[in-house]
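Q: With these hints in hand, go ahead and build the complete structure from the sequences.
Under the UniProt record's numbering, read the sequence shown as residues 1 to 1052, first letter to last.
What the hints contain is simulated information worked out from the structure, not anything from laboratory work. Yeah, the Cβ is synthetic: ideal placement off N, Cα and C, and Gly gets one too. Keep in mind that a hint or two might mislead.
[To be verified] Simulated restraints on C-beta separations:
1. Ser123 with Gly95: 17 to 25 Å
2. Arg132 with Ser309: 38 to 46 Å
3. His189 with Glu526: 27 to 35 Å
4. Glu526 with Arg960: 34 to 42 Å
5. Ala365 with Ala558: 34 to 42 Å
6. Arg110 with Val491: 45 to 53 Å
7. Ala232 with Arg110: 24 to 32 Å
8. Gly1028 with Ala808: 54 to 62 Å
9. Gly647 with Ser309: 32 to 40 Å
10. Gln16 with Ser123: 15 to 23 Å
11. Thr492 with Gly647: 22 to 30 Å
12. Asp38 with Pro499: 52 to 60 Å
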Amino acid sequence: MTTVHVFGELMHDARQAAGISQRALADRSGISLATVRDLEQRRTRRPRQAVVEAIVAALGLAGDRAAALRRAAVPPLPAAAAAPVGGPVRVGILGSVTVRRGSEEIPVGRSSRRAVLGRLALSAGVPVPVDRLVDLLWEDPPKAPADALYTNVSRLRRALHPDASITRTPAGYRLDLTDEQFDLAEYRHLVRLAESAPVTEALGLLESAAALWRGELLADVPQLAGDPAAVAIAEERVTTVLRLADVAITVGEPARALPALRALSAAEPLHEPVHARLMEVLSAAGRQAEALAAYTVIRDRLSDELGMSPGAALAGAHVRVLRREAAGPRDAGAPAPAQLPAAPQLFTGRADALAALDAVLDDPAASVAVIWGTAGVGKTTTAIHWAHRVREGFRDGQLYVNLRGFHPTAQPLTPGEALRGFLSSLGVPAARVPVDLDAQTGLLRTLLAGRRVLMLLDNARDAEQVRPLLPGTAGCVTLITSRSRLTGLVVTDDARPVPLDLLTGGEAEQLLAQRLGADRVAAEPEAVRVMAEGCARLPLALAIAAARATTRPAATLAGLAAELRGGDRLGPLSTGEPGTDVRAVFDCSYRNLTPAAARLFRLAGLHPGPDLDAAAAAGLAGERVMTVVPLLAELSSAHLLAETRPGRYAAHDLLQAYAAGRARAEETPAAREAAFTGLADHLITTTRAAVSAISRGEPDAGPTGGFAGPADGRAWLDAERANLVALARHGRPEHTVAVAATAYRYFEGGHHAEAYQLHSLALEAARRLGDARAEAVAAFHLAVTCRRGGDYAEALALLEGALVLRRAVGDRAGEGWALVERGVSHWRLGDYDRARADHRAALEVFLAVGDRVGEANQLVMWAIGDRQVGDFTGSAEGLRRALGLYEELGHPLGVAHTLNRLGQTEHAAGDHRQALRHHSRALTLFRELGNRPGEAAALDSLGHALRAAGLPGEAADRHRQALAIYREIGEHSVVVEAINGLAAALNAGGDADGARAAFTDALRRAEQAGDRHEQARAHDGLALVYAGTGDEVMADRHRRTAKHLYSGLGLG
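A: Spelled out as structure tokens, the structure:
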């Protein structure tokens, strides 16, 4: 750090301490504000002495603080003379507080400075508040504590200069050191290296780390002894030294851990695990007498000072020392238990789960992990695979037990049975095994204390079955698998959850490839994909399907895949063996449910969609929502349903098929019909309320039920969209007709593919019912969907049928709206004469039946036609009449659409200021109403008006926003309009290449849709682009094509 850097920093700190701004300092000192800023920001290198004295006086500095600022202004020595001798400065806190440069110790000075440096070092790199440092130094602070603290900091800065800095920040003082300059950072670096190093290298790294401790942390700053940061660092030392002892014993060199253990035991005279490990290491090093003497010392100390007897860890260590088996390498005649089942030969995926399990090993505070997931998802396979991968790190062996929590034929193992098996594996004769469960648990924990054992508890039923088996001390790691979500272990035993989901599509196909062979898979890749999905990507099902294929080499994979997608999804996955049959393993989970949860599970199998919430479950079960919520929680905990999103539940395909099979077997036809009807009634009723909520801008919106507003209603409809289509596909015809008619306004706002499916199904259902009125409605809704998707020919054909039906049933209002829609399709195709004829006929119908909303709509449509032929005055007058009518009717959505159309007319007439005002009002209204298509239309119109007002950049942004919404909601028929608008804005902004590309894209889309008006706009735009780049040949070609198209539209 150069001298000028010190001056600027000291000046800044002094000004902050004085509580004045840079401008106030400039005013007081008589120097310019620019000079103050240059000095503090280190742009002025050598302040003149007069400037320095003016600053000293303005800040009221005296004594040491004034002298420090004056010294900092002295020009620096030449680099060679200023270079420090002995290397960079190094700060130490692992013992007393020290500052050294090479072998030379730099005096820190009085104890107050040591305390400040120690506290800053504890939080190196992080500011320490001034008031905390003041409290550290003084019980009764002086009158100006900040000044007194500043003096200490200034002296420390000189001691650390130029290699390290203490910076004043708004949050306090911060000490900045590199890792090489700080003993704590070096210690932690060595410990981290040891974590991933081979065991022999780890021993040396841990020895080096432990040797950095010169005594107790901050030994000469007693006021920091209880600081939380200091306590945490002291615990790090304990963990490191205990790990050093484990590694030293593992490699057969226990004596190498003794220096660190002796030093730590002296620093921690009552820490039982530390003294237990010292005894074990002494014994393992052949110093039996010293080990027993160490026990006597700590036992007496505990008794004298605390009135306590040794705890389990210390007593267990004493027993092992007496038996000469204390934590050392096992005798050849007493092999460590190695009970893991054989490692799986084929394994794929599960990278996240394996990483989570590895993290348990890396975390000293973690000792229990729980793999949970649905039946057949591969919990045991994953656990065994990982256990074999890490078993070398457990020198004292591996214990395994199948707890049979979910076994198809056998009863679950009791904790006592499992404990007796473990004790036997650890060499305890049957006669010495206690009868009492608590005593068995205590003996197991005593035997495992100080050992490094991996315990695998497979197929646990619940936390109560597992808890008595858990070791009581660090060093052991327990891995549990269960179909149940063992939340109790997470809460009370700090178990780390490792949820296991279905395989991804790629992982499932890879597993099939491993089992079937690369050649067979490569020959039928599509069949392999279908097989993977037919097995729901469930590992057990994949293994069974692969085994069937392997035993039938002549069969094609396509044929086997077809079997898996057939009516009986579970039949091809039967093996006849309870442990590997998919239906049988599902049976085990199902049998463990309460009766109410079991009923809800099988009724959920009747749900046709991908997921359900509590309200849908209540509809199926004929219960109140509050009744089914705990049942859903039970099913989720048993992994028969998965909570895919908060409050939404789903089962994979095979579980869904299993649940449906259970419903067919256990529920009467009448009960199944009642459940499905309850679900359908719930969905249709709630859809009606949600659609009313999102349609609040229309006078006939209806009651909104429990929905607070458009956003609430739309969120529910978004979540249920796939379920509504599924209900239409699988429900009775009357359900299909009702849900399509009810949800029409929602699907009108986007989701083109699903809307087409829904209304096509409704049209078929209405025809099956022979309901002409319903058929007319469905045909009309499907026609609107086709028109919005750009299929005008299909829309017109459907509208012809709808008109015939509506006239036949006497639905005059419906006839009027069909005429409106037919006119819109004609208009999109450029047939303006037919469009105006349809709109004129529609207006006559609306006037005849008194449909004032229809009347207002036709005033708008007629005004659009006027604008199209250049009658801007007539267009504006018609739109104002429509606007008044919509306002009179209390129809804000109609108001918003009309304002937007009025802005378009004003833009065409050259009144861009009014156009911007009306488009902005329309945009605000559409957003308040949650109407996405209207929002996009207003944004697109704003883009045109902004371009005309000379703001092409803002215009392009609005067109892009409109395009994003149109694409999101599937409004394909108007995407080309927005692209043409964007192209025009780009061209106006000078981006000829971007404009050319956009106009070309718009032309292609308009030609595909048969939209002659947008074709003409694109050609017109391309003519302008080419003219602007000097290509008159291409410009003339596009200009003539545009003129021809406009003439054909009657707009020449």
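Q: Hints first: check each against the structure and report whether it holds.
A: Evaluated hints:
1. Ser123 with Gly95: 17 to 25 Å: Holds, at about 19 Å.
2. Arg132 with Ser309: 38 to 46 Å: holds, 41 Å
3. His189 with Glu526: 27 to 35 Å: For Glu526 against His189, whose Cβ atoms are near 53 Å apart, the range 27 to 35 Å is violated.
4. Glu526 with Arg960: 34 to 42 Å: holds, 38 Å
5. Ala365 with Ala558: 34 to 42 Å: Since Ala365 and Ala558 have Cβ atoms about 52 Å apart, the given range 34 to 42 Å is violated.
6. Arg110 with Val491: 45 to 53 Å: Because 50 Å falls inside the window, the suggested range holds.
7. Ala232 with Arg110: 24 to 32 Å: holds, 27 Å
8. Gly1028 with Ala808: 54 to 62 Å: Taking Cβ atoms as reference, Gly1028 and Ala808 lie about 57 Å apart, which means the hint holds.
9. Gly647 with Ser309: 32 to 40 Å: About 53 Å separates the Cβ atoms of Gly647 and Ser309, which means 32 to 40 Å is violated.
10. Gln16 with Ser123: 15 to 23 Å: The hint (15 to 23 Å, Cβ to Cβ) holds, given that Gln16 and Ser123 are roughly 20 Å apart.
11. Thr492 with Gly647: 22 to 30 Å: holds, 26 Å
12. Asp38 with Pro499: 52 to 60 Å: Given about 59 Å between the Cβ atoms, the range holds.
When each numbered hint is compared with the structure, violations occur for hints 3, 5 and 9.
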